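Number of protein chains: 2
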Amino acid sequence: MLKLFYAAHTCSLATHIALEDAGADYTTSRIEFAKEQQKSADYLKVNPKARVPALVTDRGILTETPAMLAYVAQSFPAAQLAPLDDAFAFAEVQAFNSYLCSSLHVAHAHRMRGYRWVDGNDKAAIAAMQRKVPESVSEGFALVEREMLKGPWVMGERYTICDAYLFTLAQWLEADGVDLARIPKVIDHRRRMSERASVRKAIAEELA
Amino acid sequence: MLKLFYAAHTCSLATHIALEDAGADYTTSRIEFAKEQQKSADYLKVNPKARVPALVTDRGILTETPAMLAYVAQSFPAAQLAPLDDAFAFAEVQAFNSYLCSSLHVAHAHRMRGYRWVDGNDKAAIAAMQRKVPESVSEGFALVEREMLKGPWVMGERYTICDAYLFTLAQWLEADGVDLARIPKVIDHRRRMSERASVRKAIAEELA
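Chains as they are written, first to last, in my numbering: chain W, 409 to 616; chain X, 409 to 616.
Derived from the structure by calculation, the hints contain no laboratory data. Since this is a predicted model, take the numbers as computed values, not measurements. Wrong hints could be hidden among the right ones.
You can't tell identical chains apart in this list, so a pair holds if it fits in one copy or across any two.
[As the list claims (entries may be wrong)] With a Cα cut of at most 20 Å, we get these calculated EDC-like pairs of lysine to aspartate or glutamate:
| no. | residue 1 | residue 2 |
| --- | --- | --- |
| 1 | Lys-593 | Glu-543 |
| 2 | Lys-457 | Glu-553 |
| 3 | Lys-593 | Glu-582 |
| 4 | Lys-447 | Glu-543 |
Hey, can you work out the whole structure from these sequences and the hints?
Put into structure tokens, the structure is as follows:
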């Protein structure tokens with residue numbers, strides 16, 4: 409049995425959706441960032457990075473969204489969530505997810521988690537980071553819109569784990585100050601994703 | 409035939425080493441950051457993100473180090489650079505690479521590329537980021553030392569793509585102001601990596 413540790417409004421939603429898409433048998437455990445549960449001694453045993461998501465499996469614990477998404481796709485091949493038998497096509501999926509993880513999510517994180525990269529008491533530097541977020545996140549999504557999102561799904565005709573991940577990061581567009589009118593394909597993708605049963609179920613549980 | 413676009417002293421070294429480890433038939437093309445060649449019209453056709461590395465294949469172009477490393481491992485299975493037939497073990501490899509990509513490399517990047525996350529003219533904010541780098545990069549490598557590097561290789565007895573990636577990021581430790589005495593396993597790993605023929609060949613070409 410798989411167990412997903414998640415927190416509401418975080419990137420753990422991507423793996424949550426993928427588990428639903430896969431038809432996986434899994435349970436969840438909510439981590440409350442407001443109570444700093446991610447820093448508790450019990451949770452640090454699960455993930456010493458003090459972050460979500462984490463996925464407990466029979467073999468051990470996995471972290472990092474791109475790795476978890478690929479793991480779900482490989483563990484439930486019948487769900488066809490990634491092109492598992494085509495190394496190049498699989499690498500395209502992974503390249504997209506890696507971009508989201510290392511560039512787009514990182515740009516976003518400078519709004520709320522600037523203390524990771526400057527002294528948290530340096531209010532001017534924290535504010536300088538926050539001012540840049542609308543520009544840096546907009547640039548990232550513009551690149552997705554222009555170069556990556558093939559349509560109707562990220563990788564074209566086939567729905568993949570990339571769609572769950574893009575949808576997850578697109579939850580933060582308004583708060584990040586992105587002009588939605590400039591990324592119509594991303595917004596249409598977000599709307600169509602929000603109508604999927606797997607997405608509705610994952611969100612309903614996280615926001616319950 | 410594969411073609412790797414790289415720049416000296418960047419994370420493209422990881423894929424370069426992996427191609428050597430794989431015994432791949434490949435060529436390379438050097439991008440000179442000092443001449444801003446990554447922003448040239450020709451290179452933007454290769455990688456619209458204006459970054460290295462990029463790998464030209466018969467099927468198309470791949471970017472993002474974790475995706476490229478897994479692609480090399482899957483394309484040259486005889487080299488046994490990743491546990492390809494074990495979804496959990498493969499996910500552990502991917503989780504390590506994703507951490508390096510999205511956390512450790514990102515922490516490092518705040519020393520030289522702070523303009524990505526604040527206005528480049530805000531000298532105080534740029535300096536604030538640079539001051540934090542020794543701490544944030546040290547924390548990342550301490551986590552690798554304590555929780556991830558199983559020894560003798562990252563994943564234990566078997567050498568994998570993770571080793572090429574860790575070695576690559578460990579090139580920057582001194583410049584990032586990390587106290588090497590606190591990460592003896594990482595330093596021993598770096599030394600042993602530097603003696604491998606694949607590593608020597610890749611570095612010799614990049615620094616030629």
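Going through the hints against the structure:
For a Cα distance limit of 20 Å, the shortest separation of Lys-593 from Glu-543 inside one copy, 19 Å, qualifies, whereas the shortest one across copies, 40 Å, does not. In this homomeric assembly, Lys-457 and Glu-553 come within 20 Å of each other (Cα to Cα) only across copies, at 13 Å, whereas the closest approach inside a single copy is 32 Å. In this assembly of identical chains, Lys-593 and Glu-582 lie within 20 Å of each other by CA distance solely inside one copy; the values are 16 Å within and 44 Å between copies. In this assembly of identical chains, Lys-447 and Glu-543 lie within 20 Å of each other by CA distance solely across copies; the values are 19 Å between and 31 Å within a copy.
Of the hints listed earlier, there is not a single one the structure fails to meet.
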